[in-house]
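Engineer: Got chain C sorted already, so can you dock chains H and Y onto it with the hints?
If you're matching them up, the sequences are chains C, H and Y in order. Here my numbering is used: position 298 in the first sequence is 298, and no number is missing along the way. Here my numbering is used: position 82 in the second sequence is 82, and no number is missing along the way. Here my numbering is used: position 60 in the third sequence is 60, and no number is missing along the way.
FYI, nobody ran anything at the bench for these hints, they're computed from the structure. Nothing here was measured: the structure is a model prediction, and the numbers come from that model. Check before you lean on any hint, since a few could be wrong.
[What the hints assert, rightly or not] 30 angstroms max Cα-Cα, derived DSBU-like pairs, lysine-lysine:
no. : chain 1 : residue 1 : chain 2 : residue 2
1   : Y       : K82       : C       : K105
2   : H       : K4        : Y       : K297
3   : C       : K180      : C       : K575
4   : C       : K147      : C       : K394
5   : C       : K250      : C       : K539
6   : C       : K105      : H       : K4
7   : H       : K4        : C       : K539
8   : H       : K26       : C       : K539
9   : Y       : K82       : C       : K250
10  : H       : K4        : C       : K240
11  : Y       : K53       : C       : K105
12  : Y       : K297      : C       : K105
13  : Y       : K297      : C       : K539
14  : C       : K94       : Y       : K82
15  : C       : K250      : H       : K4
16  : H       : K4        : C       : K333
[Claimed, not checked] Calculated from the model, a selection of chain C residues having no Cβ within reach of chain H, i.e. all distances over 10 angstroms:
no. : residue
17  : L102
18  : P148
19  : G228
20  : T455
21  : E456
22  : K595
We put the beta carbon where it would ideally sit given N, CA and C, even for glycine.
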Amino acid sequence: MAHTRSNGIEPRKVVLAPLDPVHDVGLKLIRRKLVERGHHVTLLPPDLSIEEIVARAKAADPDFVMISRALSYGISELLAKFVDLADAAGLREKAKLVAGGLSMKPVIAQELGFDAGFGPDTPVEAAVAYVEGRELDLLGGSRRQEKPDLTAGFTYKFLDSEIGSLCTAIAQQLIDWANKRTSPGIQRAQLRVEMESQRQACPEAYSRLRQEYAALSSGEVKEWYLTGKHVSHTRPITQKEADYIRSLAKNAGNLVVPRSQEVLNDRNVFVQYGTGCPVMDAYHINLSIAWGARGVVHFDPSWGARNEGLLEEAWSHEHDGTVLTLDNLRLIKQGIVPGILWQVRAHRGLNTPETVVLAHLSGADLTKINIVYGSLAAGTDPERLTVDGVEAMKLAAKYNMPYDVVTNEELAGVPAAKAFAGMLIVATAGVLLGGRPILQPLFANSPEGMITGYTEHNFIDFNVAKMKVLSSIIDAPIWPGAPVGFLTQTQDRCQSSVMTALHAALALNSGATAVTIASSDEAYAGGPITAPARVDTLKATAAAFRFFGEGGIRPTQEADKIAEQLRQGIVEVLKQVAARGDFVASLYEGDLGNKEDGAYPGRSGKGTVTLKQ
Amino acid sequence: MSVKHRILDGCDVETFILCNDVEEGKTLGLRLMAELGFDDADVVSCEMGGPGVRIRLRGYVYRPSADYQWYGPEVEQDGTHA
Amino acid sequence: MRVIGFAGTAKNTGKTTTLVEAIKYFAENQKKLFITGIGYDGEDFDNLTGLPKPRVLVPEGAIVATALPLLESSDANFTNLKDTGIRCALGRIFYGTATASGRVVLAGPASTRDLSTVLGFAPEDSVVLLDGAFSRISPMVVADALILATGAARSRDSHRIAREINAIHRIMDLPVDQTSGDRVLNISGGLFLPGQGQELAWRIKSDGKPRTVHVSGIVNPQVFLEALQEMSVNGHRGVSMVFDHPIMLVLSGDLLRWEEVFSTIAEAGLTVGVRESTTLLGVTVNPYTPTESGPGKYIATYVPPEAFLSDIRTLTKIPCTDIMLEGPGKLHSWLESLLN
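Okay, chain C solo, but in the shape it has when bound (with noise of 0.2 angstroms):
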């Protein structure tokens, strides 16, 4: 009689036939686990005929048998005559049979007459949890369906403590500056936040609220307030459309991540989207999310950040960039998934502040602002992005909020000092206010790893160098990005997949505590990214995941030198920074990045910011 070991399982008796010696080596594998778990294993020979596995499972009276046989319209009449033979010889009184191989699904099993089938990306796991009478979704992998919080754990501590109290005066002075200032932008988002509460309550009120809006916009997005004209390519979402999303939203909970992809489970992989159009943007956070992806990343035209105001509505745009407006966050939501982080960006442009309450409102997870790059890399300027900054991060922080600060000034040629500093910066005054900043440094061949040599000889110490950097100065949660790879991707697909995978193994490798990844589009310019380019990257970094495990990329010796050269550089900035004593005045004359390293100051906003009366 059966009985119940110490560690609570039932010891079951189980037979393993392979049909073929290939499949001897998945049968040992079960037969490995099931005997460390205690049961009773007999592992047949692999060239026995399907009568003699028959009679010789039922000399060993077992409670399963588990045959095993990659697929063919032939074979599957054998493994048939196989049910039908322990059918009939009684086998099937007490035995489950178990059925798996190449191209074995429940659907095939359930027709050859087989109790369970495992096809190849069953884990060895499903079996043994089989056997132990425990439930398992066999159909496919499965789906970590908590949130993560990308800030828990970090007490936004300065370590390097010469870097903090420089930071910390920066920091003060500008929030001290900004709070006296107020700008179109901060008024708006005030605005905004009336509008919804209206909107359904006081049509009247909103109409009122609306003009006031209107008045403070500006370009095609005020024309549209006032005329109704469309913005240049864009067209309002048709009821055909908002039904694609609606239904594929309907099924999205049910999403599993194929067993190939499970690695990326326990890691925080973030995937932007932003194609244009809501319907198309449902679709690609739907597969990314099945194929892995923890967070996604609205990407909106960069129009949105010249124009003062947001348009409302649904609607699609023909070129990059989904248009920013409630009614199309709103939308898009319905297809984030319990378990998915969700940022919409606010960094950079004049809209910032309002992108925070619409991000909130809408129930994104994340934002991003950087003054800094914003300022120096984005086009709006700098006194306006700072006073809009401050706000943005006051919002976020009443929404409970974390946002990343983006370092991508990098790419225009940055030194990665002046870049930190900067985001350094930015981030202590988060913490003032009450936020939970994400540092985002740039893993890239940026111009200045290619100048000073840093990339010359591999993308690790570079990189390494700077998570060194950064994981020293603060105790706050770092994720690169965004996304990573940057100008190391080409066109071809293979490469531009394994750089993206390789730089994200990297990152998580260093300690980082997300990534964003590009798709194998990301050096291609000719049209917008497809869906399987998507894939492509999702898969290559699930191997790379899987590749190196906890198994570490070690880099050389050069990583700690860069990471001594990049601590130099940013105390030398933020002395300069300190000194100048005042910020915005620094972010004019070029403190933080100058026209010789490629920073120009935005000129979007120029004049608009007055003092609060």
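Structural biologist: Only chains H and Y this time, still in chain C's reference frame:
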């Protein structure tokens, strides 16, 4: 309805074309896409090596904001109308 | 309750087409139906060949037992769903009543034991239609009547098909012998494989002179021949060899070797019978066969239907038909006996 319309966005064709240089490879590649019935085609990547190019071509079936027909009349096995 | 099984000699021999016609017939004759299957059937495209398949349509009022998700996704809107307590590879098997005619995918119990449990839920006045799978026939022992589907998917050789039909017919026609008592020798072995015939013979010999030998389990024709050779046949004239069920004789080995067995038995003066049986109503013949056109790719091909059927019909005694060629008339005549 053609199965083509069930393609989410673009259809990539990857192959090796025998040719004398990259430009010839690209021209031949685009001709191939035209032969396959892709009106909106482009060369994503193309690299010459040895006897020809390793090329990746893309035919966009739907660009964002297009009038998607993913779920039109049932697609039959032979790709003709149901 | 009458149970009709639809078994095949191979996959793609036309079980589903026959089943669908039978469902129509009983529905037209207002019979209460209980429908289940031992495999997976009714999907649009075959799981192995990818080729289109006939769909299973059930009428309003029919009771269907299949895996719960398949009942729920059917457009026959099943009501009054009840759990049979039996699991299959696709989940728990429930049964329910169709509130509208509609399509359903059948995925029922795989083993004879589970099938018996599920059939326990069929109403006493119903006709049970039992859909087969592949060449699986073992669970059909629970059926009162059987329709066998065969055809080009089994073999393109009409003569071979005819010989197989004759062998099966002969086996299915074995007389029922339920003799019990002192003179019965019971031998149970589960599965008698080639090489074990002598052992079987020795066990009979060692028992002296039994009148009836009841052999329980699967018997391969080769084993039978070995046993006959080993037994001093003259000493065993008048002995009756009784098997559990005809189906136990068709599961293992080459069917055509039974021709040899039957001629040897006659010479040896033995009689052969079965404890229980199932009536073979007729055989449907299908000229269709999927042909591999490349690795893992299949196309539908056909042998000439008229010649195939007429060859087989000429060489067999059991009624045969090709439903697609001749219509369902002959099938209806076989089913008529089960109406009352």
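Engineer: Tell me if the straight-line CA distance from Y/K82 to C/K250 falls inside 30 angstroms.
Structural biologist: Roughly 27 angstroms between the alpha carbons, so the hint for Y/K82 and C/K250 holds.
Engineer: Need the status of pair C/K147, C/K394: alpha-carbon distance at most 30 angstroms?
Structural biologist: holds, 24 angstroms
Engineer: Is the nearest CB of chain H more than 10 angstroms from the CB of C/T455?
Structural biologist: At roughly 22 angstroms from the nearest Cβ of chain H, C/T455 sits farther out than 10 angstroms, so the non-interface label holds.
Engineer: Does the alpha-carbon distance linking Y/K82 and C/K105 stay inside the 30 angstroms limit?
Structural biologist: Roughly 26 angstroms between the alpha carbons, so the hint for Y/K82 and C/K105 holds.
Engineer: Hey, C/K250 versus C/K539, does the alpha-carbon distance stay inside 30 angstroms?
Structural biologist: holds, 25 angstroms
Engineer: For C/K595, is the shortest beta carbon distance to chain H beyond 10 angstroms?
Structural biologist: holds, 34 angstroms
Engineer: Given the hint that Y/K53 pairs with C/K105, does the C-alpha gap stay at or below 30 angstroms?
Structural biologist: Distance ~19 angstroms between Y/K53 and C/K105 Cα, so the pair holds.
Engineer: Holds or violated: H/K4 with Y/K297, Cα cutoff 30 angstroms?
Structural biologist: holds, 21 angstroms
Engineer: Given the proposed pairing of Y/K297 with C/K539, does the C-alpha separation stay at or below 30 angstroms?
Structural biologist: Cα-Cα ~27 angstroms, so holds.
Engineer: Run the C-beta distances from C/E456 to all of chain H and say if the shortest one exceeds 10 angstroms.
Structural biologist: holds, 23 angstroms
Engineer: Do the alpha carbons of C/K94 and Y/K82 lie within 30 angstroms of each other, as the hint requires?
Structural biologist: Distance of about 25 angstroms is within 30 angstroms: holds.
Engineer: Holds or violated: is the Cβ of C/G228 farther than 10 angstroms from all Cβ atoms of chain H?
Structural biologist: Given a closest Cβ separation of 19 angstroms, the condition holds.
When held up to the earlier numbered hints, the structure conflicts with none and fits them all.
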